[in-house]
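Novice: Protein chains in written order, with this note's numbering: chain A, 830 to 1267; chain B, 393 to 473.
Watch out, some of these pointers could steer you wrong.
Covered stretches of chain B (chain A as the covering partner; in silico rule of three or more C-beta atoms under 8 Å from a C-beta of chain A) [what the hints assert, rightly or not]:
| no. | segment |
| --- | --- |
| 1 | 396–410 |
| 2 | 421–434 |
Here are a few chain B residues that face chain A, going by a calculated C-beta distance under 10 Å [what the hints assert, rightly or not]:
| no. | residue |
| --- | --- |
| 3 | Phe-413 |
| 4 | Val-414 |
| 5 | Phe-415 |
| 6 | Leu-418 |
| 7 | Ile-466 |
| 8 | His-469 |
Note that these hints are calculated values from the structure, not bench results.
Just so we're clear, the structure is a prediction, and the values are computed from it rather than from any experiment.
Virtual Cβ for every residue (Gly too), placed ideally from N, Cα, C.
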Amino acid sequence: MDTFLNLWQDSGLYQITGGQFTMILVGFALLFLAVRKSFEPLLLVPIGFGCVLANIPGAGLALSAVENALYAADPQVLAAMAGALGSGALESAAELLYAYENAGSGARLAVRQIAADAGFSNGMLYSFYHVTIASGVAPLVIFMGVGAMTDFGPLLANPKTLFLGAAAQFGIFSTVLGAVALSAAGLMDFSVADAAAIGIIGGADGPTAIYVSSLLAPELLGAIAVAAYSYMALVPVIQPPIMRALTSEKERAITMTQLRRVSQREKIVFPLVLLVLVALFLPTAAPLLGMFCLGNLMRECGVVDRLSDTAQNALINITTIFLGLSVGSKLAADKFLDPKTLGILLLGIVAFAIGTACGVLMAKLMNRFSKTPINPLIGSAGVSAVPMAARVSNKVGLEANPQNFLLMHAMGPNVAGVIGSAVAAGVMISMVSGMGIS
Amino acid sequence: MQDSLLQQGVDLMLLGMGTVFVFLTLLVIATTLMSAVTRRYFPEPEPELAKKPAPATAAATVDARLLAVIKAAIDRHRSGK
């Protein structure tokens, strides 16, 4: 009878909490969106599955060894830990965890040693998270792959389009203000670091958003990553109404002059120029833009095709699997089922809409003063989301004028948006850590 | 405290947006300069030039063979008459 009772107490059915059950449903919802609706399936399949895995009751896949030991609640281990932390032996697991998180490094080390000695180990997803995201490695490797996939030709043929990439970043910074205003009004409780990490969703660049929030607001990472990737998938739904509202039929029909041919040598020198500028003016953006430039140089220089091929195929795919699972591991019930998540989703879509609008308005302004005509529709591609945003510009352009192919013209602002959001990320990181609140 | 939080947000927005614009403006200038220098002093040989002779000769050989066939056909036609 005792064995039977143990088996029952070990089962998921006995241990599951309402929060875990809800999060497993959220995981299935993400899988449904990915499989059935093709929402960024490359990321949402691992994220959704990671979310389900992380919330399996009793398995503790997303927990550290210490947390696993505390939840297992072996009285001897708990007593030893309480001793190491210098607190009373009768404290509950939750109180011990709180004491552990606020303890000095020596006591923490001792507690970790006790957990290891008792045979507890880090959960699988916890280890993935530490290797890929906490170290910052995975978003950077993905950025290298994105660099290796990016063709700067359209941008080099028309460098002015970089301004469109800059204008679209206004969405990021206005959202920071929105998040701060929400907490000033007492509706939410976001610090400046949180606000900065949320704003980056407006950059519509998954790896950048994950990188920034892993540095500034790790506890919001799950919600931020899910919001960023969902909105990237929703680009074709969110952007067109904004684009149509801000432009006239005549403006949308503007045909642009054919782009000039860009030589191989210009394409090779460009990543080096960008790298030098980053080194001189914005070293905090160096991890992101440095890897991006490396990937792009490997693509364009023509002598390391094997490396370039690996960076844009095998390596980025491997990294995506582990990145997705790690993001999923951050979708634990106690962190995700929080009014803050709702705030993040709401602010994210506002960031996105403002970015789109600013890009279009900037393009209209440039069209006023430029010698060659500029179709305002390409401005919306200034939020990164490569190449989806450029395709949307092309599609809306074709509706107004069936002979007008804007795709190549929109690729310029599109890759400029990637550079712009990486620059914005660097600025955020340096300013927020400069304020000393991160 | 609340005021200073809002103040920090405004600072972050103005300085951040300013930095992004200044940096990308510099990048536009640097890129334009780089393109001008590269195109002026290190122009690449036009790839079209290398390609042109090949199709020209191919067309010529086809023409020659076709010419011979046509000639033969005409000759036969005439001798047949």
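Novice: Could you check the structure against the hints above and give me the numbers of any it violates, in ascending order?
Specialist: 7, 8
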